[in-house]
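Undergrad: Read off the chains here:
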Amino acid sequence: MKPVTRLRCAVATILLTGVLFPPKTLAQLPARFYWKSLSDSNGVPVIFQSISGNTNPFDPAHIVTPDANFDATLALAGYARTFSLHKRAVMVAIIEPMGHVSSEVTVAGRTAKQSASGFGDPMVEFDINVIGPRAQKTIPDALRYEPKFSVDLLGDLGIPIGKYDSSQPLNLGQNRWYGRVGAPIVWQLGPWVPGRRTTLEFLPAVWLFGTNSNFVGQTLTTDPMFQLDGHLTRDFAESFWASFDTAWYTGGQASINGVHGKSLNNFGLGFTAGYKINDNLNVTVGYKSTINDSAPDALRLNQFMFSVVYGWHKIIEGSKRLKHD
Amino acid sequence: MRTMIRRSTRAISSEPDNLIRLLKTLGIIGMGAALAAPAIAGTSNGDAPRRPNIVIILGDDLGFADMGSYGSEIKTPNLDSLAMNGVRFTNFYTHASSSPTRAMLLTGVDTHVNGLGNMDEWTAPNQRGLPGYEGYLNNRVVTVPQLLKDAGYHTYMVGKWHMGKAPTQIPAARGFERDFSLLDGAGSYWDMTNFTAASPKSVFTEDGRYLTRLPKNYYATEVYTDKLIGYIEANRGDSKPFFAYVAHQAPHDPYHLPKQWRTRHVGEYDKGWDAVRQARLKKQVELGIMPANTQLAERMWFVPDPVLLAPATRAVLGKKMELYAGMVENLDYHTGRLIEYLKKIGEYDNTIFIVSGDNGAEGNDLFAMIAGTPGSRDFLFAASKWSNNHPNAWGEPGSCVAYGPMWAQVSMTPFSQYKGWLAEGGIRNALIVSGPVVKRPKGSLNNGLMHVADLMPTLLDVAGASYPKTRDGQELPALIGKSWVSLLAGKEDSPRTEHDSLAWELFGNRAVRQGEWKLRWEYKPFGNADWELFNVVADPAERKNLAVEHPEKVQELLATWDSYVRANNVVLPSRSVFEALEKNLPQRVPDDPGYPPLNYKRQFVPPKDMIAAPKN
Numbered sequence: 001m002k003p004v005t006r007l008r009c010a011v012a013t014i015l016l017t018g019v020l021f022p023p024k025t026l027a028q029l030p031a032r033f034y035w036k037s038l039s040d041s042n043g044v045p046v047i048f049q050s051i052s053g054n055t056n057p058f059d060p061a062h063i064v065t066p067d068a069n070f071d072a073t074l075a076l077a078g079y080a081r082t083f084s085l086h087k088r089a090v091m092v093a094i095i096e097p098m099g100h101v102s103s104e105v106t107v108a109g110r111t112a113k114q115s116a117s118g119f120g121d122p123m124v125e126f127d128i129n130v131i132g133p134r135a136q137k138t139i140p141d142a143l144r145y146e147p148k149f150s151v152d153l154l155g156d157l158g159i160p161i162g163k164y165d166s167s168q169p170l171n172l173g174q175n176r177w178y179g180r181v182g183a184p185i186v187w188q189l190g191p192w193v194p195g196r197r198t199t200l201e202f203l204p205a206v207w208l209f210g211t212n213s214n215f216v217g218q219t220l221t222t223d224p225m226f227q228l229d230g231h232l233t234r235d236f237a238e239s240f241w242a243s244f245d246t247a248w249y250t251g252g253q254a255s256i257n258g259v260h261g262k263s264l265n266n267f268g269l270g271f272t273a274g275y276k277i278n279d280n281l282n283v284t285v286g287y288k289s290t291i292n293d294s295a296p297d298a299l300r301l302n303q304f305m306f307s308v309v310y311g312w313h314k315i316i317e318g319s320k321r322l323k324h325d
Numbered sequence: 001m002r003t004m005i006r007r008s009t010r011a012i013s014s015e016p017d018n019l020i021r022l023l024k025t026l027g028i029i030g031m032g033a034a035l036a037a038p039a040i041a042g043t044s045n046g047d048a049p050r051r052p053n054i055v056i057i058l059g060d061d062l063g064f065a066d067m068g069s070y071g072s073e074i075k076t077p078n079l080d081s082l083a084m085n086g087v088r089f090t091n092f093y094t095h096a097s098s099s100p101t102r103a104m105l106l107t108g109v110d111t112h113v114n115g116l117g118n119m120d121e122w123t124a125p126n127q128r129g130l131p132g133y134e135g136y137l138n139n140r141v142v143t144v145p146q147l148l149k150d151a152g153y154h155t156y157m158v159g160k161w162h163m164g165k166a167p168t169q170i171p172a173a174r175g176f177e178r179d180f181s182l183l184d185g186a187g188s189y190w191d192m193t194n195f196t197a198a199s200p201k202s203v204f205t206e207d208g209r210y211l212t213r214l215p216k217n218y219y220a221t222e223v224y225t226d227k228l229i230g231y232i233e234a235n236r237g238d239s240k241p242f243f244a245y246v247a248h249q250a251p252h253d254p255y256h257l258p259k260q261w262r263t264r265h266v267g268e269y270d271k272g273w274d275a276v277r278q279a280r281l282k283k284q285v286e287l288g289i290m291p292a293n294t295q296l297a298e299r300m301w302f303v304p305d306p307v308l309l310a311p312a313t314r315a316v317l318g319k320k321m322e323l324y325a326g327m328v329e330n331l332d333y334h335t336g337r338l339i340e341y342l343k344k345i346g347e348y349d350n351t352i353f354i355v356s357g358d359n360g361a362e363g364n365d366l367f368a369m370i371a372g373t374p375g376s377r378d379f380l381f382a383a384s385k386w387s388n389n390h391p392n393a394w395g396e397p398g399s400c401v402a403y404g405p406m407w408a409q410v411s412m413t414p415f416s417q418y419k420g421w422l423a424e425g426g427i428r429n430a431l432i433v434s435g436p437v438v439k440r441p442k443g444s445l446n447n448g449l450m451h452v453a454d455l456m457p458t459l460l461d462v463a464g465a466s467y468p469k470t471r472d473g474q475e476l477p478a479l480i481g482k483s484w485v486s487l488l489a490g491k492e493d494s495p496r497t498e499h500d501s502l503a504w505e506l507f508g509n510r511a512v513r514q515g516e517w518k519l520r521w522e523y524k525p526f527g528n529a530d531w532e533l534f535n536v537v538a539d540p541a542e543r544k545n546l547a548v549e550h551p552e553k554v555q556e557l558l559a560t561w562d563s564y565v566r567a568n569n570v571v572l573p574s575r576s577v578f579e580a581l582e583k584n585l586p587q588r589v590p591d592d593p594g595y596p597p598l599n600y601k602r603q604f605v606p607p608k609d610m611i612a613a614p615k616n
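Listed in order, the protein sequences are those of chains A and B. Just so you know, we're using the working numbering here: the first sequence kicks off at 1 and counts up by one. Just so you know, we're using the working numbering here: the second sequence kicks off at 1 and counts up by one.
Simulated from the structure, these hints should not be mistaken for lab results. Note that the structure is predicted; figures quoted are calculated from it, not measured. Do not take every clue at face value.
Taking lysine-lysine pairs in the BS3-like style, the calculated list, with each CA pair at most 25 Å apart, reads [stated by the list, open to error]:
#, chain 1, residue 1, chain 2, residue 2
1, A, 137, B, 271
2, B, 271, B, 601
3, B, 442, A, 137
4, B, 601, A, 148
5, B, 491, B, 524
6, B, 282, B, 343
7, B, 343, B, 442
8, B, 601, A, 87
9, A, 148, B, 553
Negatives, chain A to chain B, calculated, CB over 12 Å [said to hold, decoys possible]:
#, residue
10, 138
11, 142
12, 259
Glycine included, every Cβ here is placed at the ideal spot set by N, Cα and C.
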């Protein structure tokens with residue numbers, strides 16, 4: 001293969017592994033995100049991520065480019081609110097990604113670079129608990145909350161209004177509708193006592209993608225992709241917890257003008273540590289990496305994450321104001 | 001009496017050793033022995049019924065109103081079944097705290113004589129070294145199990161002892177043939193953890209040996225029951241009756257209980273203590289436990305009206321009562337296991353059950369007394385051993401929760417005050433007696449004036465034994481109790497006449513009851529540090545002090561009190577657990593429902609036809 005042809009192939013790889021996908025797929029929410037709180041609570045999550053590897057971190061297909069390096073620095077900021085619907089706990093949230101992603105592929109001594117920055121597609125999320133304790137409509141309900149075995153129904157919808165440049169494959173916006181349906185599961189193991197809480201959590205979900213009819217002038221389609229996140233979480237003190245995280249993605253075969261890429265079947269491991277700074281503020285730090293990535297053509301992906309969630313409820317805030325008077 | 005002795009001697013006639021021992025005992029117990037001697041000769045009659053077994057179920061801090069048969073919403077079907085098979089008493093008195101009651105129960109002698117003139121934990125400087133104030137059962141008294149053992153009974157104890165830890169003071173040394181005992185007054189239900197840095201481990205004995213560890217998977221109420229069943233099973237082939245003193249630790253705090261028992265009443269007590277007290281009184285009136293016109297005692301002035309509390313506060317405080325209810329239900333469950341076992345082996349119908357609490361329900365905060373001062377030694381100990389106190393952990397090892405004065409008042413519905421005090425809420429208890437000696441209608445009630453010290457003469461009568469004048473060459477103090485045997489047989493309505501009196505002293509508080517009247521002196525602010533007079537028949541809640549209206553009755557009862565003091569060597573303590581209470585509690589004010597109106601007046605709603613929007 002001629003070097004130019006190889007470079008074109010590399011670029012095509014970038015096309016295929018480029019921003020075919022919403023960043024939220026990889027911007028995996030930390031463990032314990034689907035624990036329930038008092039109805040009418042508010043939360044502002046901000047998630048910072050630094051991702052690198054030999055595949056586009058924004059690409060659900062994770063097609064390996066042996067000589068490629070991808071780097072992304074992004075933040076996801078959002079707003080979430082809880083309420084009750086027919087006695088079930090509900091959360092609605094909107095998350096806006098933003099940041100910078102760049103790629104560099106060296107083929108036959110020649111390097112191709114691309115980058116994108118700005119705002120991505122906002123995503124709206126609706127989550128309702130279907131199995132588990134009833135909504136925490138009062139503070140006594142919140143005091144008595146124990147997830148035991150809880151199952152939610154989750155729906156995400158990415159709205160294609162993020163920054164998109166049809167002249168290059170690497171974008172933050174996707175230029176197509178996409179979304180996810182899932183069933184977050186929280187399984188309480190043992191007592192629900194701060195300092196000793198243990199949970200096993202799963203998020204099985206299916207991502208569904210619309211068609212991007214102007215993907216560098218071509219048509220991009222992606223098959224549905226199955227996602228299974230797993231977390232084993234454990235308190236180590238009343239305010240400190242950690243989790244062992246796993247992620248598995250399969251499916252999500254992308255096609256450009258009918259030319260199929262490779263389906264995903266990737267597995268990653270990681271950990272997260274969380275700390276409750278005060279009644280309003282929680283932080284987490286996490287790292288996740290692919291495994292079995294020593295072979296040259298093996299998937300390699302490393303992700304560092306730092307999240308801050310600020311939450312509040314008007315009664316709690318009012319009580320604190322009175323307490324401080 | 002003769003019949004009973006005949007029964008007892010028949011039961012042991014096949015055992016020469018026991019017979020010899022019995023004869024020896026009979027030889028020193030005077031008239032009882034004289035009566036027994038001819039009976040022994042007649043014991044060859046194989047048709048004579050065997051003497052009844054005796055089981056005392058003592059709930060530690062169990063309140064007057066905590067069983068279903070006394071008006072509670074707490075589910076106690078097994079204890080209630082005993083009530084429905086026997087008699088419930090409404091005027092049964094114990095002492096105001098644990099060890100004085102237990103000491104009187106087991107000796108029939110006033111607590112100022114038997115060694116528990118004060119609780120060991122609170123012996124005052126001026127009481128130290130005085131006879132009657134040893135802090136343990138002294139060797140000048142004899143116990144029920146000692147006498148019943150002599151009379152041919154097996155004697156078993158499981159549970160809390162609280163009357164001495166030295167080898168000469170433990171259950172095995174005081175008449176119990178088999179025992180599994182917690183020698184302390186309280187502690188963990190799960191392990192050997194106790195409350196203070198100076199005494200960090202609970203002390204247990206089993207059959208007279210001090211235990212180095214507890215059985216695997218230990219939970220107090222369950223193991224006590226298992227042990228007792230094991231003791232009965234081990235000896236049931238020998239045809240001897242048994243006396244079992246089942247001195248449960250439950251439901252004394254800390255409220256430790258298995259997980260499945262913690263969540264049986266979730267949210268049920270969020271309505272608050274006033275509503276539960278009212279519901280219990282209503283039920284008590286329906287059951288005939290209390291007369292129709294009974295008033296509730298005033299809510300303690302420092303206990304808030306639950307209506308004015310936030311739901312979250314009510315939920316957390318209510319959860320304490322949920323735990324307590326679980327404790328009582330767990331106690332009932334294990335009592336049910338014992339009942340079932342006795343039915344299975346055919347002994348139930350020949351067993352007398354006596355069920356009671358040992359004092360009023362606990363409204364004092366013992367844990368705060370011990371560990372409430374940050375920086376103190378015991379605070380650090382509690383931080384290490386007793387700080388598993390998130391509400392979700394209540395019930396687990398290392399948690400320490402008690403329900404406080406508000407729920408203690410519920411447990412003592414309709415009475416005033418609680419454990420440690422000499423208002424009715426500190427000393428009046430539920431009492432159930434069932435079994436073959438009860439000839440009264442099943443499920444009936446009785447209002448006779450009863451006292452815990454009555455158990456000694458009653459049980460001796462049941463066993464066909466009698467109280468000796470001397471033991472080991474030493475003169476024994478006189479019994480203060482009265483036998484219930486005639487009452488239980490339906491031959492009288494009370495073991496006491498209108499002229500008989502009862503008297504109490506503990507921590508410097510004092511009281512006398514005679515007939516309808518009760519004279520009471522208590523430290524401020526629970527009392528007024530002066531004598532108060534109540535008609536506890538018309539006013540069981542002790543709401544109206546009649547001392548001014550009836551000075552002659554005050555004088556009369558004061559004379560009775562003085563006699564009691566002289567007869568029993570009562571030494572008022574120079575220090576008291578309650579001595580500084582007045583300074584630590586809010587100023588006492590009357591409890592007037594609905595006051596101040598500021599907190600109770602609801603939103604004004606104008607007439608609909610006069611409502612208008614602003615004109616501009």
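Undergrad: Next step is simple, just say for each hint if it's right about the structure.
TA: Now the hints, each set against the structure:
1. A:137 with B:271: holds, 17 Å
2. B:271 with B:601: Given pair residue 271 of chain B, residue 601 of chain B holds - Cα atoms ~19 Å apart, limit 25 Å.
3. B:442 with A:137: Between residue 442 of chain B and residue 137 of chain A the Cα gap is close to 48 Å, so the pair fails against 25 Å, i.e. violated.
4. B:601 with A:148: violated, 42 Å
5. B:491 with B:524: Measuring from Cα to Cα gives roughly 43 Å; hence the hint is violated.
6. B:282 with B:343: Judged against 25 Å, a Cα distance of about 34 Å means the pair is violated.
7. B:343 with B:442: holds, 18 Å
8. B:601 with A:87: violated, 32 Å
9. A:148 with B:553: violated, 63 Å
10. 138: violated, 6 Å
11. 142: The claim breaks: residue 142 of chain A does not keep its Cβ more than 12 Å from every Cβ of chain B (closest is about 8 Å).
12. 259: Non-interface label stands for residue 259 of chain A: nearest chain B Cβ at 57 Å, farther than 12 Å.
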